[in-house]
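J.: The chain contents come next:
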Amino acid sequence: MIYIKRRQVNYLKIALLFVQRWVLMDRIGEVTQSARPPSGGRINWFKYSSPQTFFPLAGAAIPWFSAAAAIFCLLGLYLSFFVAPTDQQQGEVYRIIFIHVPAAWMSMFIYVVMAFWAGVGLVLNTRLSGMMANALAPTGALFTFLALWTGSLWGKPTWGAWWVWDARLTSELILLFLYFGFMALTAAIDDARRADRAAGLFALVGVINIPIIYFSVQWWNTLHQGASVSLTRAPTMAATMLAGMVLMALGFWMYSFAASFARVRCIILERERNAEWVAQYAEALR
Amino acid sequence: MNWGSLEAFLAMGGYALYVWGSYAVTFILIVAEILLLARRRRGIVTQLGGLGRVSRRPS
Amino acid sequence: MVIGRDLLLAMRRRSDVANALLFFVIVASLFPLGVGPEPNLLRTIAPGVIWVAALLASMLALGRMFAADYADGTLEQMLLACVPVGVIVVGKAVAHWLVSGLPLVLLAPILVLQFDLSAEAFAVLIASLVIGTPSLTLIGAVGAALTIGVRGSGVLTSLLVLPLYVPVLILGTSAVDAASGGVTVQAHLLLLTAFLIFTSAFAPWAAAAALRISLD
Chain A
1 MIYIKRRQVN
11 YLKIALLFVQ
21 RWVLMDRIGE
31 VTQSARPPSG
41 GRINWFKYSS
51 PQTFFPLAGA
61 AIPWFSAAAA
71 IFCLLGLYLS
81 FFVAPTDQQQ
91 GEVYRIIFIH
101 VPAAWMSMFI
111 YVVMAFWAGV
121 GLVLNTRLSG
131 MMANALAPTG
141 ALFTFLALWT
151 GSLWGKPTWG
161 AWWVWDARLT
171 SELILLFLYF
181 GFMALTAAID
191 DARRADRAAG
201 LFALVGVINI
211 PIIYFSVQWW
221 NTLHQGASVS
231 LTRAPTMAAT
241 MLAGMVLMAL
251 GFWMYSFAAS
261 FARVRCIILE
271 RERNAEWVAQ
281 YAEALR
Chain B
1 MNWGSLEAFL
11 AMGGYALYVW
21 GSYAVTFILI
31 VAEILLLARR
41 RRGIVTQLGG
51 LGRVSRRPS
Chain C
1 MVIGRDLLLA
11 MRRRSDVANA
21 LLFFVIVASL
31 FPLGVGPEPN
41 LLRTIAPGVI
51 WVAALLASML
61 ALGRMFAADY
71 ADGTLEQMLL
81 ACVPVGVIVV
91 GKAVAHWLVS
101 GLPLVLLAPI
111 LVLQFDLSAE
121 AFAVLIASLV
131 IGTPSLTLIG
141 AVGAALTIGV
151 RGSGVLTSLL
161 VLPLYVPVLI
171 LGTSAVDAAS
181 GGVTVQAHLL
191 LLTAFLIFTS
201 AFAPWAAAAA
211 LRISLD
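Protein chains in written order, with our numbering: chain A, 1 to 286; chain B, 1 to 59; chain C, 1 to 216.
It should be emphasised that the hints constitute simulated quantities derived from the structure, not laboratory data.
Some clues are possibly wrong.
As the list claims (entries may be wrong) - Here chain C is said to cover these stretches of chain A; the calculated rule only asks that three of the stretch's residues, wherever they fall, bring their Cβ under 8 Å from a Cβ of chain C:
1) 168 to 182
2) 189 to 202
What the hints assert, rightly or not - Computed from the model, here is a short list of chain A residues facing chain B with C-beta under 7 Å:
3) Glu92
4) Val93
5) Leu153
6) Pro157
7) Cys266
Virtual Cβ for every residue (Gly too), placed ideally from N, Cα, C.
Can you make the complete structure from the sequences, with help from the hints?
T.: Below you can see the structure in the form of structure tokens.
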């Protein structure tokens with residue numbers, strides 16, 4: 001059996017991040033290149049940064065992402081239930097890992113992406129970036145909650161308590177508060193532009209602080225618990241377990257794309273309701 | 001295959017509450033998010049006058 | 001000049017300042033009432049309780065940093081002046097700390113008596129509060145700047161700012177715990193100082209950006 005170390009899992013996470021960036025920029029480049037005028041100008045990366053042009057692109061992409069999400073999740077679930085063997089120490093309950101860890105990965109990943117788009121919106125003053133950040137937040141909060149919920153359900157039979165102040169779980173909890181703060185700030189400010197920019201700044205402040213918060217909580221944990229036990233501490237794990245987690249993570253990732261694209265389409269319609277193209281779109285749906 | 005029978009699968013070695021509690025809540029929340037998004041979209045589009053649900057006032 | 005003006009305004013509304021400090025003392029006093037008078041237990045929870053009370057009291061005072069000036073238009077005038085916005089933010093933060101953070105530090109000895117902390121723990125608590133409360137003010141400035149003029153801004157600011165306060169809370173209380181346990185506290189206080197330096201570098205800039213966002 002091949003055993004893969006924890007560290008390689010982290011490299012995988014970072015690789016996923018870069019792949020997503022590359023895929024997104026490549027897709028935009030590809031589409032804009034085919035739309036390039038015959039006079040052959042430079043690639044206009046910003047063509048899809050307007051809500052009007054992004055709207056149909058997102059709409060076309062959603063079914064693909066949904067299908068990919070379904071496929072990856074089904075594969076992941078198959079692996080998690082029917083291929084991965086029973087754990088020696090924990091028995092069947094360890095199978096919660098196939099949701100807990102991918103959800104935690106997604107919660108952090110989505111926050112970083114959210115902060116990225118918020119930063120782009122602040123620097124380049126594009127409306128769509130702010131809308132995208134807003135669209136990502138609820139999905140990210142959902143995964144954060146799922147990570148906490150599954151962590152709690154995993155902790156009860158394993159460590160005997162519904163909540164353990166494990167460093168990672170506590171950091172997830174604070175991440176949830178940061179998501180809620182972002183959404184509350186957006187909801188409280190009436191002017192959409194100001195709301196986006198204020199919440200975006202808050203997301204950036206949060207993303208800088210998250211490593212600090214994580215390390216301080218981890219330190220706090222070691223101060224108060226002699227031999228700190230972590231729910232996800234598994235120095236080595238079977239390849240099938242890792243494969244199952246990665247497949248579920250990919251499924252969640254595809255789902256996040258689909259959900260946030262669907263949400264950003266709603267946000268675009270809500271905010272651009274006075275635009276001509278929106279009226280035409282609604283007319284065409286009739 | 002890991003499971004001898006459907007009963008064994010559902011029982012999850014005695015941890016049914018925890019494992020199925022996790023998977024069920026995940027499934028429910030994801031479905032809920034999808035449904036809420038669908039409802040939000042229907043609401044806006046109806047408001048904008050699409051979908052032929054809102055009858056135009058004669059003006 | 002900004003500092004002087006803010007201090008003058010604060011002195012004119014002494015009751016606001018006093019209220020936050022009273023809140024600090026009352027909240028800290030509630031905990032023994034809640035958990036019982038057993039001295040060992042109180043000694044254990046004292047650093048956490050005092051620090052949490054300091055956090056909450058510091059947060060209460062955040063509303064005053066920008067709200068009054070925003071309401072009468074002075075804030076916009078300040079932003080239009082030739083002074084860099086970051087300097088204005090630092091000025092306001094200093095004034096805010098002098099009026100809320102410093103009195104907290106001065107009141108802390110009362111609470112230490114209530115919880116019967118040892119002398120070393122007392123000294124370290126004061127030190128941690130002195131180093132830590134400016135960080136609270138600076139982070140709070142960012143939160144306050146983001147929520148200027150927003151309805152429900154008091155609670156909203158708290159929601160935004162409390163997660164960011166967590167590192168200060170952990171570092172501050174761990175320092176006092178270390179002192180009670182007889183372990184060296186240098187590392188803890190140095191980390192607290194490092195966090196303060198980090199916050200001083202970034203928070204004024206972030207708060208200035210937030211002010212521009214809020215006032216445009």
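J.: All hints are to be evaluated individually against the structure, with a verdict given for each.
T.: These are the hints, each one checked on the structure:
no. : hint       : verdict
1   : 168 to 182 : holds (count 5)
2   : 189 to 202 : holds (count 6)
3   : Glu92      : 4 Å, holds
4   : Val93      : 4 Å, holds
5   : Leu153     : 5 Å, holds
6   : Pro157     : 6 Å, holds
7   : Cys266     : 5 Å, holds
Against the hints set out earlier in the document, no violation occurs for any number.
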